[in-house]
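Asker: These are the residues of each chain, in order.
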Amino acid sequence: DAMVIQNPRYQVTQFGKPVTLSCSQTLNHNVMYWYQQKSSQAPKLLFHYYDKDFNNEADTPDNFQSRRPNTSFCFLDIRSPGLGDAAMYLCATRQELSSQPQHFGDGTRLSIL
Amino acid sequence: RKEVEQDPGPFNVPEGATVAFNCTYSNSASQSFFWYRQDCRKEPKLLMSVYSSGNEDGRFTAQLNRASQYISLLIRDSKLSDSATYLCVVIVSGGYNKLIFGAGTRLAVHP
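Line by line, the protein sequences are chains A and C. When the count follows our numbering, it moves up by one through the first sequence with no breaks and lands on 141 for the last residue. When the count follows our numbering, it moves up by one through the second sequence with no breaks and lands on 228 for the last residue.
Chain A with its partners taken away, still in its complex shape:
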């Protein structure tokens, strides 16, 4: 049973048209992460939530925003997607203050037309 669920699996949007990616979890983990992964590169952390505390990576563009309305859901909003934002977006969860690894969703592959 999927524990970290991302929707949609594939998203196509137009250049400059806002898009929202969603992630939900059934693990009740207190930390949720959003990563961007481009071909042959490591996943790049965009931001994470520790409960409701939002933590932005210093090099995450302003174009990327996130919301976590409750423990189970987290959203990634891309306000004005550019061609360079085409990538796989991975959501992951983890229980902080443990040595446990992250659990990843299947990812959303974003294409920009």
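Derived from the structure by calculation, the hints contain no laboratory data. The hints are all genuine.
Derived pair list, reagent style BS3-like, types lysine-lysine, alpha-carbon separation capped at 27 Å: (1) Lys66(A) with Lys162(C); (2) Lys119(C) with Lys159(C); (3) Lys162(C) with Lys196(C); (4) Lys215(C) with Lys80(A); (5) Lys119(C) with Lys66(A); (6) Lys72(A) with Lys162(C); (7) Lys215(C) with Lys66(A); (8) Lys119(C) with Lys72(A); (9) Lys159(C) with Lys66(A); (10) Lys215(C) with Lys119(C); (11) Lys119(C) with Lys162(C); (12) Lys66(A) with Lys45(A); (13) Lys72(A) with Lys159(C); (14) Lys159(C) with Lys215(C); (15) Lys72(A) with Lys45(A); (16) Lys72(A) with Lys215(C); (17) Lys162(C) with Lys215(C); (18) Lys45(A) with Lys159(C); (19) Lys159(C) with Lys196(C).
Please arrange chain C on chain A, whose structure you already have, making use of the hints.
Answerer: Using the frame of chain A, we list chain C on its own:
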């Protein structure tokens, strides 16, 4: 210097071969270590945690050398299905524990 470094490969090996990957990390505050496997266009999946005493899971053996700050993964009797990218992941303790990914090592097992 990257915080977690891996040889990108690709490692091209025949079925049945033994192959080893290394990963080095620079932050001495690193506290937990993992190997993930990622298939093409799929999400990373946990392969195994890495413990100080070394640990084995079937054909896979992971080792940690804290003094030299490196982690290794050994795969014995390689199968075609082992072809994937192997990501080294390190948890660095801090205000919020931070997960650092290596760029991955690509393995291609051929008949």
